[in-house]
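Position chain B relative to chain A; hints supplied.
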Amino acid sequence: MVERRVISRTTTNLESDYKYGFYTDIDADMAPKGLNENIVKFISKKKNEPEWMLEWRLKAYRHWVKQGDQEPRWANVDFPHIDYQDIHYYAAPKSKGDAPKSLEEVDPDLVEAFNKLGIPLEEQKKMTGVAVDAVFDSVSVATTYQKKLEDAGIIFCSMSEAVLKHPSLMRKYLGSVVPYSDNFFATLNSAVFSDGSFVYIPPNTRCPIELMTYFRINAEDTGQFERTLIVADEGSYVSYLEGCTAPMRKSSQLHAAVVELVALDNAEIKYSTLQNWYPGDKEGKGGVYNFVTKRAKALGINSKISWTQVETGSAITWKYPSVILQGDNSTGEFYSVALVNNRQQADTGTKMTHIGKNTKSTVVAKGISAGHGNNTYRGAISILPSADNATNFTQCDSLLIGDQCGAHTVPYIEVRNSTARMEHEASTSKVSDDQLFYAMQRGISEEEAHYMIINGFCRGIFKELPFEFAMEAGQLMRVSLEGAVG
Amino acid sequence: MPKPAEQKQIQQYPNLREIYIALIRNYPSYKKYQSDYETFVSQINRSDPKWLRDTRSRAATRFQELGFPTANHGNERWKYTSVAPIAHSIFKYKPSTDTDEINLDDIRHSTPHDKEWTKLVFADGCYRQDLSHIHQNGTTIVSLSSCLKDPESRILKTHLARYADFEGDGFTALNTAFLTDGAFIYVPDGIESTRPIHLVFLSTGQSQHTASYPRALIMTGRNSKLTIIESYVGLTDNPGLTNTVVEIAAGENSKIEHYRLLAESAESFHIGTTRVNLSRDSFFSSISISRGAKLARNDLNVILGAPGSGCTIKGLYITSDSQHIDNHIDIDHATPHTSSDQYFKGVLTDQSRAVFSGRVLMRKNAQKSNASQKDLNLLLSDKARVNTKPSMEIYADDVQAVHGATAGAVAEDALMYMRSRGIDKHTAMSLLVNGFTSEIIDEIKPAYLRGFVGKMFSAKGNINHI
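Chain order of the listed sequences is A and B. Position one of the first sequence corresponds to residue 1 (the working numbering), numbered consecutively onward. Position one of the second sequence corresponds to residue 1001 (the working numbering), numbered consecutively onward.
Extracted from the complex, chain A is given alone in its bound form (with noise of 0.2 Å):
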């Protein structure tokens, strides 16, 4: 029997709603200010890594420093320009020697830091069910249920390790997904990741629990770039989850994570997000610009991919979950709650592309818009010429609240085989009086009337997440929303 826990976390700072807002002194190795090609050698060098990958870390350093400082400007967000030459592209609680080996030679003070988020890293405290790896300022510190896992023959470790230890993997499928051309943000994060999680499946194998990575962003001035590789092979599944948080501070933190994911034959993953980063204040200072390239490869066939995300941090976010259903009969989905509120603006949508015969595709996504907050769906959907009998359906609402924020809608559908089925419906509309009315009438107040249609109208996302994210999630929704209705 699963413990029914909650990841409920201590209020730290009073001072405001944000309750990850604590920032923990502990020592960092650090990276001068910067990049060129000696920080990126500096990384490697840092994480003992072998030639090949040096090499593909400077050429796509090359790559991005071709391009010019100019990041993309299409998605309806605004942020002033950022100075990369302003960022420590690494740092690191600073182990003493080596890597820690065990538990105990992790500093104390960072496995209280985790205490505080509720993510316990001792032995005896285990959140039951869950494996937890812990990321802090962009390394791994801590996994837990190693051991249970290697049992089953499921690899789960830090970035840093897995290419020491599992090259042939790692120089298969890393970049597999997302070629460290694509994008600007992708480009910068292939030459400057410092770490992540890398997770392997192994054929026809079911991962007995769950698998999470915890990421905390401490260090000021710093970037946070980590990049999670999840392979699962023939006829395995697994279900990870992410959870993200970081302290407040008065300048906006800039995290370029890169998410890859690979499904072969008859393979599923679920990948749920919690993300929860700082969103700075109510005027809009400060909080983390949250630029994620998130991609899957259905490659093998009847495989199945499926994104869940709730988004309620961040002042900026600019992500798109996609899938590529190359092989025949692959399934993708992508459920998604994204919330702003104050001054957060967020751009998120997904991309669907299908390639294999019998692909099928769902996208469900609910955008609420509070205070001053603005809120794109940006969505693509494209059906090539082999996708024979591919469908899609995709539904996007939007909830608006209050008369200063902003709800966008802009689906992108392109249909090349004429046996392909696409449906795409959006609607937008406030919070309905008349729903109000009957709540209040039976003696609900107006805020906790708010509150219920609200989770009601997010219930179809909440309840693909797992359950002790799906608790989590809406009471997140609670705190995000404080002070936007009633």
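Among the hints, a few may not be true.
[Said to hold, decoys possible] Only pairs whose alpha carbons sit at most 25 Å apart, straight line, appear in this in silico PhoX-like list of lysine-lysine:
#, chain 1, residue 1, chain 2, residue 2
1, A, K165, A, K45
2, B, K1383, A, K360
3, A, K165, A, K46
4, B, K1050, B, K1115
5, B, K1364, A, K285
6, B, K1383, A, K430
7, A, K282, B, K1425
8, A, K357, B, K1383
9, A, K33, A, K285
10, A, K430, B, K1368
I should point out that these hints are in silico values taken from the structure, not numbers from a laboratory.
Relative to the frame of chain A, chain B by itself:
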């Protein structure tokens, strides 16, 4: 248009904007437009009022700065349509003269015709009195050329080139630079013009690669009514460019019924810009039927500029061979209590391509407004390709907005149903396609136009492509 290598260079150093302008100015097609403009101005300029000469020269300069639109740098409005074939060809401006031989029967064959209608015929953008027929009914219906020369034409001075902004659009700038003729229609207050006014824009194609710049300004007064039909018709198969700009300004509580028929020749290029500005309680309904042209763009902007205004924009496109038809609809809900409805349908055959991009903008104060947007596509060939992008930008909270899009083949079960009753596949297909298109065609009110479009789109002819 710069070569790919040059373009790459420009992309890498975006601050070299000036070099880009210098580059395009040296490009053969741009040089040709410039020299054509200079010749044109030297021939015609003296008799025209100063404001017109100024407008033209500003537009010509602006065109040289803007160039043709590209999909680069996140230009979402032109994302799926490349105008490179236009930019790479050299078109010459050759206004047709009254002496050009045009057979009246030719026109009757290729355009809808009703003797009750007022008809204005333009050959390559120039008014042809000999081919036109005007019923006077209290409405001002004149050619622009005849009233532009009048220095007293205050109304034109205030309204012409006011609704179609050339500062941000290369094609509009080019059209404005060559602004000399077209239609001017004004319905005074309280007049309900019952007879449809038919504007026939012919591309005579008497010589290769001619460019024409038709123009129209349509205005209605208070409590008036107007039915207007625009037909763009190619008489020969010669490739040419028609770059048209139509400005429509609706007065308070007026109703405008607008039809747009595109039947250019299979080798021609057509860029149609329509800008509509609506006053209080006015209503604009439009149906555009697109069949012809190799590369066509129907660019329609409606500004719902006062409370109570509304519009319905419908359209039907049928594409074949390697045609490319792009419908770009932009609706700006600038005031409260406005409504808009877009409904487009497309049938695609062969290796043709259709693009639909609709944008609904609801500004902060557009409370209590409604918008809906729909694009349905029927793909009859595996090589056909459709890009649809019904997007919404909403900044007001007390509004209702919905949009939807579909694409797919003829329903197998519907076909099966008919075939099981002994109807052959070909006929069954025609019936289904006819049923699909008739939803738009049946909305056309003038009977002769509806009949003409029905015949043009009778599915039989199109099904033969499959």
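>> Under the constraints set out in the numbered hints, which ones does this structure not fulfil?
In response: Hints 4, 6 and 7 not satisfied by this model.
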